[in-house]
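Asks: All chains should be built: construct the whole structure from the sequences, respecting the hints.
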Amino acid sequence: MNDDVHYMQVALQAAARAAQQGEVPVGAVLVHHHDIVAATANAKETQRDATHHAEMLAIRAASQRLDAWRLLNTTLYVTLEPCLMCSGAIYQARIARLVFAATDPRYGAFKWVHARQHELFNHRVELQHGIAAAASAALLQEFFQRRR
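So this note's numbering is basically just the index in the sequence shown, starting at one, shifted up by 14.
Keep in mind that the hints were calculated from the coordinates and are not lab data.
Since the model is a prediction, treat every value here as computed from it, not as a measurement.
There are no misleading hints in this set.
Restraint ranges, calculated between C-beta atoms of paired labels, are given here:
#1 Gln78 / Gly144: 28 to 34 Å
#2 Arg79 / Gln35: 19 to 25 Å
#3 Asp81 / Arg160: 39 to 45 Å
#4 Arg84 / Ala152: 33 to 39 Å
#5 Gln35 / Arg138: 33 to 39 Å
#6 Thr60 / Trp83: 24 to 30 Å
#7 Arg84 / Arg162: 41 to 47 Å
#8 Leu134 / Arg62: 28 to 34 Å
Virtual Cβ for every residue (Gly too), placed ideally from N, Cα, C.
Replies: Here is the structure:
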């Protein structure tokens with residue numbers, strides 16, 4: 015659990031950096047055997063690309079660093095529940111475990127996909143959520159209040 019808190023704090027730091035660049039503050043950290051192989055944040059606005067979610071960027075960076083598309087024995091830490099696109103990528107990449115902070119009632123899809131994993135997928139993802147949820151939600155609320 016202490017590791018989860020530590021890595022989520024790293025993800026929150028990435029999210030805070032994203033907010034400073036005008037991005038929705040979502041950060042992701044991908045860990046392989048206690049080694050951070052990717053720490054990323056949303057870059058949709060700066061890159062002008064709808065696929066540049068923090069999770070997608072972390073998966074790409076980790077795949078390059080580990081020289082593999084199968085990210086076995088990894089844990090992905092994300093400050094906000096992944097959307098449908100990112101949920102699919104998590105399963106495709108064979109990530110073993112997902113830890114996310116805040117739920118996303120609007121676009122979050124992982125809990126929905128996760129509930130159906132036994133029906134549809136040959137890969138299983140362990141799920142943990144709620145770690146640093148209040149800090150993540152506060153960061154998001156502050157960001158959107160400043161934009162309004």
